[in-house]
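Protein sequence lines correspond, in order, to chains A and B. Residue numbering for the first sequence follows our numbering, beginning at 1 and increasing consecutively. Residue numbering for the second sequence follows our numbering, beginning at 504 and increasing consecutively.
A portion of the hints provided could be inaccurate.
Stated by the list, open to error - Now the stretches of chain B that chain A is said to cover, found in silico as 3 or more residues with beta-carbon under 8 Å:
{"hint": "1", "stretch": "688-702"}
{"hint": "2", "stretch": "716-725"}
Stated by the list, open to error - With a Cα cut of at most 27 Å, we get these calculated BS3-like pairs of lysine-lysine:
{"hint": "3", "chain 1": "A", "residue 1": "Lys154", "chain 2": "A", "residue 2": "Lys117"}
{"hint": "4", "chain 1": "B", "residue 1": "Lys539", "chain 2": "A", "residue 2": "Lys375"}
{"hint": "5", "chain 1": "B", "residue 1": "Lys514", "chain 2": "A", "residue 2": "Lys380"}
Simulated from the structure, these hints should not be mistaken for lab results. A virtual CB, placed ideally from N, CA and C, is assigned to each residue, including glycine.
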Amino acid sequence: MGEVILTMKGIDKSFLGVHALDHVDLEVRAGEVHALMGENGAGKSTLMKVLTGIYKKDSGTITYFGKEVEFHNTREAQDAGVVIVHQELNMVGDLTVAQNIFIGREPKKGIRIDDKKMIEDSKKLFERLKIDINPREKMKNLTVGKQQMCEIAKAISHDCKLIIFDEPSAALTEKEIDDLFKIIRDLRAQNMGIIYISHRMDEIKVITDRVTVMRDGGYVGTLITKDSTKEDIINMMVGRVIYEDPKTHSMCPPDAPVVLKVEHLNAGHMVQDISFELHKGEILGFSGLMGAGRTETARAIFGADPKQSGKISILGKDGQLHEVTINNPQDAVKAGIGYLSEDRRRFGVVVQKSITENSTLACLENYLHGPFIDKAKEKKDSERLIKELATKTPSSDQLVMNLSGGNQQKVVIAKWLIRDSDILIFDEPTRGIDVGAKNEIYKLMNKLASEGKSIIMISSEMTEILRMSDRIVVMCEGKKTGEIRIEEATQENIMDKATRNIN
Amino acid sequence: MEKIKQNPIVKKIGFNRIILICVLILMYVVFCLGIKGFAAAGTKHLLNTLNYVYFLGFLSLGVTFVIATGGIDFSIGPVMFCCALVGGYCLNSYKMPLVADIIIAILIGLAFGIFNGYMVAYQKVPAFIISMASMNIAKGAAAVFTKTQSQSWPLSTDPVNGWFRNLISVNGFPVGLVIFAIAAVICGIILYNTKMGRYILCLGSNREAVRLSGVNTKKWEMSAYVMCGLLTGIASIFFVAAYTTVQPGYGDQYNNEAIAGCVMGGTSMVGGLASILGTVIGVFIISLLQEGILAFGLGKDIQLIVTGVIVIVAVYADVSARRRKN
Numbered sequence: 001m002g003e004v005i006l007t008m009k010g011i012d013k014s015f016l017g018v019h020a021l022d023h024v025d026l027e028v029r030a031g032e033v034h035a036l037m038g039e040n041g042a043g044k045s046t047l048m049k050v051l052t053g054i055y056k057k058d059s060g061t062i063t064y065f066g067k068e069v070e071f072h073n074t075r076e077a078q079d080a081g082v083v084i085v086h087q088e089l090n091m092v093g094d095l096t097v098a099q100n101i102f103i104g105r106e107p108k109k110g111i112r113i114d115d116k117k118m119i120e121d122s123k124k125l126f127e128r129l130k131i132d133i134n135p136r137e138k139m140k141n142l143t144v145g146k147q148q149m150c151e152i153a154k155a156i157s158h159d160c161k162l163i164i165f166d167e168p169s170a171a172l173t174e175k176e177i178d179d180l181f182k183i184i185r186d187l188r189a190q191n192m193g194i195i196y197i198s199h200r201m202d203e204i205k206v207i208t209d210r211v212t213v214m215r216d217g218g219y220v221g222t223l224i225t226k227d228s229t230k231e232d233i234i235n236m237m238v239g240r241v242i243y244e245d246p247k248t249h250s251m252c253p254p255d256a257p258v259v260l261k262v263e264h265l266n267a268g269h270m271v272q273d274i275s276f277e278l279h280k281g282e283i284l285g286f287s288g289l290m291g292a293g294r295t296e297t298a299r300a301i302f303g304a305d306p307k308q309s310g311k312i313s314i315l316g317k318d319g320q321l322h323e324v325t326i327n328n329p330q331d332a333v334k335a336g337i338g339y340l341s342e343d344r345r346r347f348g349v350v351v352q353k354s355i356t357e358n359s360t361l362a363c364l365e366n367y368l369h370g371p372f373i374d375k376a377k378e379k380k381d382s383e384r385l386i387k388e389l390a391t392k393t394p395s396s397d398q399l400v401m402n403l404s405g406g407n408q409q410k411v412v413i414a415k416w417l418i419r420d421s422d423i424l425i426f427d428e429p430t431r432g433i434d435v436g437a438k439n440e441i442y443k444l445m446n447k448l449a450s451e452g453k454s455i456i457m458i459s460s461e462m463t464e465i466l467r468m469s470d471r472i473v474v475m476c477e478g479k480k481t482g483e484i485r486i487e488e489a490t491q492e493n494i495m496d497k498a499t500r501n502i503n
Numbered sequence: 504m505e506k507i508k509q510n511p512i513v514k515k516i517g518f519n520r521i522i523l524i525c526v527l528i529l530m531y532v533v534f535c536l537g538i539k540g541f542a543a544a545g546t547k548h549l550l551n552t553l554n555y556v557y558f559l560g561f562l563s564l565g566v567t568f569v570i571a572t573g574g575i576d577f578s579i580g581p582v583m584f585c586c587a588l589v590g591g592y593c594l595n596s597y598k599m600p601l602v603a604d605i606i607i608a609i610l611i612g613l614a615f616g617i618f619n620g621y622m623v624a625y626q627k628v629p630a631f632i633i634s635m636a637s638m639n640i641a642k643g644a645a646a647v648f649t650k651t652q653s654q655s656w657p658l659s660t661d662p663v664n665g666w667f668r669n670l671i672s673v674n675g676f677p678v679g680l681v682i683f684a685i686a687a688v689i690c691g692i693i694l695y696n697t698k699m700g701r702y703i704l705c706l707g708s709n710r711e712a713v714r715l716s717g718v719n720t721k722k723w724e725m726s727a728y729v730m731c732g733l734l735t736g737i738a739s740i741f742f743v744a745a746y747t748t749v750q751p752g753y754g755d756q757y758n759n760e761a762i763a764g765c766v767m768g769g770t771s772m773v774g775g776l777a778s779i780l781g782t783v784i785g786v787f788i789i790s791l792l793q794e795g796i797l798a799f800g801l802g803k804d805i806q807l808i809v810t811g812v813i814v815i816v817a818v819y820a821d822v823s824a825r826r827r828k829n
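I would like the entire structure built from these sequences, with the hints used as guidance.
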């Protein structure tokens, strides 16, 4: 580690009375990878936005190469050599790699764009990163991993001295992550300062030199990575101990009746001939890599997307399975199925509306008094569920947009509980939810299962699958490649099945 | 300022609405002080303003429902004229009883609403395109039907149908205002206290989440356009009750005025948020402004410019408020 290149001291920032950053400190040295960790909403992104000039700080100082600075926009930050590589890639698919890298500052030859120079310069950047990408290729033809590399190339093309990675690995495969780490190590060797934001503890241990932990907008502390354990960091993040032990045996009694039977379901090429059974009180995990077709299967069952063929049967009141026709979500909801999407803000909640209005969305019929909505009854039930699910909110009138991810998820759960749905499909139930709230969601799912709700849980996190499932269905490229009882499940045999179709 | 905002009454009405009311009052005072003879003319300008409020109010209430779904309806002005023209033609040329003509006029509005709503909600044609097309159809059909003749509705002196004017006022008492107020209250109840209103607002905010909750979003989206069509039909009656005569080929300017009234009142152009009270106040402001501009000696052209500017300012305010929140 070299000299200190960046010192942020006592950074304070409030939004409309909400204290988003409370005297946060951060120090980055040349030639180090500095992890910035914290639960969602801890203020990591806000801090980086203050640094790169997107937000204006209320107080505190930023010292960069010995001089106090304040950037007013990302352009100024870039010019000074501070560049951020975003989680979502800002690329134009139809332009070539070189055009994307030099977008907005194309080298000119007279009034014409100097394509030759642009491609030469791109090649040089890739050589420096030791990666092989054709600068003439259209961006949309690259994998997400390669696109990320281009984003990095773009960043270092600004002669940068401090580079910020905001959850760079979220969408990458293992192999791509390895490549990414190689690049990061190279950049470190070139004496750059690197800030690395991630939730993945394993990565932090592998790639970073120091860790700064934030919690609830405040600074908790800075550790030297190799001298600290995973537990140390987690404890600093949550301020409490968490457990991540896998389940050892199924909680679902062996004679539990089948509540949902799916036979030979086909819907596009992402859902091919899928058959499975779900038992009462069971948590059925759906594992697989991204793009395995799990969400597509769930959406087809729920009627959100059209299906080509397949038979879906549901346990009736008479104790028999009955075939049901599900052409749209209305049919599915009527049949007692509830779907909790991975993308809550887009598919789960109406953020501009209150908790109460969201909670009763799926069964407003029950709250009608003649033509009018019985708002008192609505409020009562919504408040009951706030209490039951321990949703953190000042009142049931609170707009959902003001809630954290975990609490938004609880609002969606409340919606299906008020509807009294018996089959719940949780699609990535804890994505974007911080560690503390994750545990609450897990507890809640276990409680629901023990009360006789049947749960399908789609998850890309292996620990989550092993911790929650009673049985595991594994998918790969649109096909079901295995079904494993929890007693026999290991990371290895799940991963083996999840990669079965891939050559 | 924060303290005022937290006051329960202010909260109930909405801080922005209170500002709008202040703007309305201020405008009236400015007109009285600034325009020679505005105050001296007594109730003349107020009555003119009210005449405007009646029909524009119904249009604006209707389009509030559509905008709440995140849609738009640019056909309301010409459809209103189409209703009044066809109804008038039935009265004048076919000698149909007045009540039947009124019903016909309202049904035509309703029919356009059903058509627009069906095309938008079930056939997924952009509302912008459909309502533009409906606007042309309404204009053309009315001209063809009436053989491009202006249509006049009964005057108060008409021995048989003179009661028509009582819709607006009886011996100087503004009946029209009472009817409009009742309509606004009903619209408010529909929007905030019924399933229809709840679903309209929710789907305007996040259609996909509402659909995935098992709600028939198409049906409820269409209902907003139907409501708009019905209110457009009613608006046509109040238009002719105030101005007697309608000419084929016009009506477009009222689209923007109705939309301006609605957006100024706090209904968001991207859907999900709507205020009936805001729309009502917005309509009053637009109407007073139109009268003020005329009284100031400026013509129709200036009215158009002012309405255009209001739409831009109101939408810009909405968009920038949204950006601040994010």
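Going down the list of hints, with the structure as the test:
1. 688-702: Held - the stretch 688-702 of chain B has 6 residues with a Cβ nearer than 8 Å to chain A, which meets the minimum of three.
2. 716-725: With 4 residues closer than 8 Å to chain A, the stretch 716-725 of chain B meets the three-residue bar; holds.
3. A:Lys154 to A:Lys117: holds, 15 Å
4. B:Lys539 to A:Lys375: violated, 51 Å
5. B:Lys514 to A:Lys380: holds, 22 Å
Of the numbered hints given earlier, the model fails hint 4 alone.
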